[in-house]
Amino acid sequence: MAYNEDGYQITRHICPRNCYDTCGMLAYVRKGRLEKITGDPAHGYTKGKLCSKGQNYIQRVYSSDRIRFPLRQMGRGSGRWERITWEQAMEIICERILNLKDRYHSTLPFCLNKYSGNFGVLHSAVEGMFNSLGPTTQARGSPCWSAGLDAQLYDMGYNRNSDPGEMEKADIIILWGVNPAWTAIHSLPYIYRAQEKGATVIVIDPVYTQTARKADYFVQTKPGEDGALALALAKIIYESGNGDQNFIDHHTLGWPLFKDYLANLNLDYLAAQCGQELGRIQELAAIIGSTRAVFIWAGFGLQRHIHGGQTLRAIDALGAITGCIGMPGGGVHYAHQLTWGFNYNFLKDPGNRYLNINTFAHELNHLQEQSVKMLWVSCRNLLAQDTAGKMLRKELDKLELIVTVEQFLTETACYSDIVLPATTQFEEMDVVPSYWHHWIGLNEQAILPYFEAKSDLEIGQLLAKTLNTYRPGSSSFPIEKSPGSFLDEEFNEKLYALLGISHWSELAAGPRQAAVSTTAWSSKTFATPSGKFEFFSAKAQRENIPPLAQYHKGMSPQGKYPYWLITSHAQQGLNSQFQNITKLAKNKKPVVFIHPQTAAVKGVKTGQMVRVYNKLGVITLQAHVSPDTPSDILVCHQGWLPGSETRLNDLNDGLPTDMGRVSTGSQGVAFYDVFVDFDPV
Amino acid sequence: MPNHTFDRITDLAKRYSLYSLFKQYYQGEWELARKAAATIQQYIPVNDNLSFQQDHQLDKAALFDYNRLFVGPGKLLASPYESAYRNAQGLVMQEETLFVRQFYLQAGIEVSNKNAFPDDHLGLEFEFICYLLAREGERLQADDSSTANHYAALYQEFCQQHILSWVYQHCDDILTHGRTSLCRDTAIALVRFLQTEEANFLSKEEFV
Ligand code: SF4
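Residue numbers (our numbering), protein chains in the order written: chain B, 171 to 851; chain X, 312 to 519.
It is worth saying that the hints were derived from the structure and are not from the lab.
There are no misleading hints in this set.
These stretches of chain X come out as covered by chain B in the derived footprint (C-beta under 8 Å, 3 or more residues):
id, region
1, 381-388
2, 396-410
3, 419-431
Every value quoted in this text rests on a predicted model; they were computed, and no experiment measured them.
Cβ atoms here follow ideal geometry from the backbone N, Cα and C, with glycine treated the same way.
Put together the whole structure using the sequences plus the hints.
This is the structure in structure tokens:
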């Protein structure tokens with residue numbers, strides 16, 4: 171429960187963003203007003219600290235740009251908004267739902283597109299409300315991490331990682347395609363302490379990131395070619411006798427085949443592919459091969475390529491050969507699902523039709539039966555984030571009703587018929603797990619909802635209630651249940667045992683760390699069919715994926731489009747969130763980082779506007795000349811700036827990654843296989 | 312009742328009814344706001360060729376304009392919240408809001424739903440003023456001029472400390488961003504009205 175101190179009512183919260191850190195927070199409320207937000211010292215991973223985004227949450231909660239009331243737009247994108255009451259909003263939506271049902275004798279015309287805007291467990295109420303209507307159409311999959319998740323499923327059978335604190339025990343930390351100095355700052359203290367104790371930190375990244383600046387070794391690879399580097403390292407380490415034969419013999423499957431595969435690889439070729447001198451790779455292999463406690467943190471960026479899954483399998487294989495997997499301070503870490511064992515009652519599937527979230531517009535366009543007529547959007551800004559934006563708009567134009575639940579007037583909200591104001595995590599109750607550390611915590615309600623905002627759960631209940639008033643039996647969504655009762659049903663004995671509590675309300679005393687092994691795979695018994703680390707995965711083969719981790723040459727810039735366009739995370743933003751908060755918006759205009767030589771060739775200087783283009787379109791960005799970016803790469807940090815017409819993904823073809831179906835229902839997007847040219851404006 | 316008291320009550324009634332119209336306009340039940348704006352513009356003609364449009368299309372245009380300026384869902388082009396002008400970061404529900412809350416409390420008034428809807432919304436500030444003017448009138452009618460003067464002083468203080476410190480800027484924003492005569496002319500009417508009030512305060516002070 172909330173407690174009082176110095177005249178403040180203090181409540182516990184968890185930042186529900188799609189972020190490695192999933193921080194514990196304390197909200198200080200006086201006279202009903204949220205006055206300050208700090209980190210929660212009871213959270214063992216985030217330890218009372220917050221990133222700048224977290225520190226500025228008050229700016230977000232009390233932003234005068236937040237959506238206050240339900241509104242209806244007379245003409246999508248027209249800006250002609252009419253304020254309506256919640257009752258009117260529900261009436262409009264329910265009348266449309268029932269009308270569609272009567273016309274089509276089906277619930278498939280209703281479509282939901284929701285993703286990671288809020289990872290709170292109760293936000294699945296949106297799916298719950300949809301599922302209560304009957305079989306509907308729902309976007310499924312993940313634009314973010316699918317290929318890597320599947321890769322680790324094939325190799326190890328489950329997505330599991332060590333406690334990030336294990337990094338302190340490492341002899342070598344490899345930060346591979348991950349930039350924790352920007353995207354997981356709470357992991358930095360472990361890395362620094364490991365370094366103080368003598369660990370070597372190696373950063374592998376195409377871009378000279380803030381993290382790379384702190385490394386002992388920085389290896390600047392070509393985008394999408396990390397698999398070549400991983401396999402070259404694996405081959406050298408094994409062939410020089412530095413592999414862990416004991417691990418290989420007792421805990422792996424398919425080694426003879428993989429060994430033959432390695433034997434046939436040409437090191438010069440692999441080195442050229444990943445843009446390294448062979449000598450440099452040999453030097454690295456000697457460092458990595460000299461010890462066992464190698465902690466590899468594989469980021470999401472490296473799997474955002476057409477062979478992203480294979481890249482992660484190659485890195486896993488490198489881990490297996492060194493024998494670091496299952497060792498304290500060792501292993502290959504990507505993301506875990508250890509603390510996500512909720513009951514997910516909301517997700518019980520009544521026979522839905524699923525569309526790939528990554529090719530949503532295309533799928534809408536190609537529906538064989540029963541087209542979609544109404545779209546509900548929550549926790550997403552698809553118009554800013556999806557590829558194929560033009561096609562998406564065309565598809566949206568065909569719909570009879572678009573409803574968006576939002577905190578701000580995003581591009582997607584701008585293109586909706588109805589917007590409904592959403593609460594923040596300070597105005598609702600929830601429980602939020604993490605995919606990086608092993609802590610789970612509670613969100614208590616600290617303040618009243620801003621104006622007329624409601625949570626996804628309340629909105630679901632209101633809609634169900636209205637629908638049933640119009641036509642009894644239309645929705646089976648529980649309309650009277652409190653958020654706490656929903657949480658009662660989401661937890662189970664196993665989860666309680668993991669957290670060492672008997673009821674979720676005990677989380678009000680502080681977040682809990684799940685009692686999972688701090689070292690992933692310490693038993694060396696894997697969750698694969700064979701119980702071993704599988705160099706050869708029959709499961710992959712059944713999915714028409716090569717059973718062995720293999721190198722596949724990635725895409726590279728050529729001809730008319732000689733530059734990569736890499737759209738990585740911003741420091742002050744999370745996907746499309748946060749950059750609209752004035753205090754966080756570093757740049758008023760979207761910026762592209764260009765290497766000095768490349769800029770010189772084009773006669774471009776910092777501050778100048780440039781047109782970046784390919785066959786799909788043109789976007790205009792402000793140039794920032796920086797030696798951190800290689801000469802053949804343009805870097806733009808993704809984000810949504812209100813009023814900006816620039817959509818980075820307008821230049822993105824949305825090519826699928828090789829893996830992702832098993833864990834998320836569809837392949838990921840090769841967000842970083844995008845090629846462009848540019849000119850000064 | 313002495314003549315000057317009678318005059319003061321008549322004057323109060325007129326000012327009360329204007330504030331009450333502005334309150335309705337800002338409290339924004341649209342039909343009410345539209346009617347209020349029309350009446351305000353009859354009271355305070357804002358220009359010679361003012362043509363208040365009854366035509367439905369324009370009416371809708373005024374509604375959309377009103378929402379762009381004061382309601383959302385996007386960035387408010389002329390925010391009706393005091394804190395949006397007086398808080399350095401333009402946030403709502405800030406210290407500035409609490410100062411207004413304190414002022415209301417001092418007069419024994421509290422906003423229902425106060426932590427969800429900021430106390431410093433212009434519609435609420437005008438409602439508070441209506442309350443003060445009504446009390447002043449009541450007390451005058453009851454021949455209790457000392458309490459009446461107390462309410463008058465509170466009104467002047469509130470106006471000077473709050474309304475006059477931001478509403479002109481707010482009206483400027485309406486004139487910069489407003490697209491329809493209904494919203495723009497109401498802003499001009501409000502400026503004129505407040506200027507008269509301000510001049511009265513000054514003349515009273517000089518008189519003292
Ligand atoms: S954005 Fe990430 S690091 Fe920042 S407060 Fe939220 S969870 Fe923590």
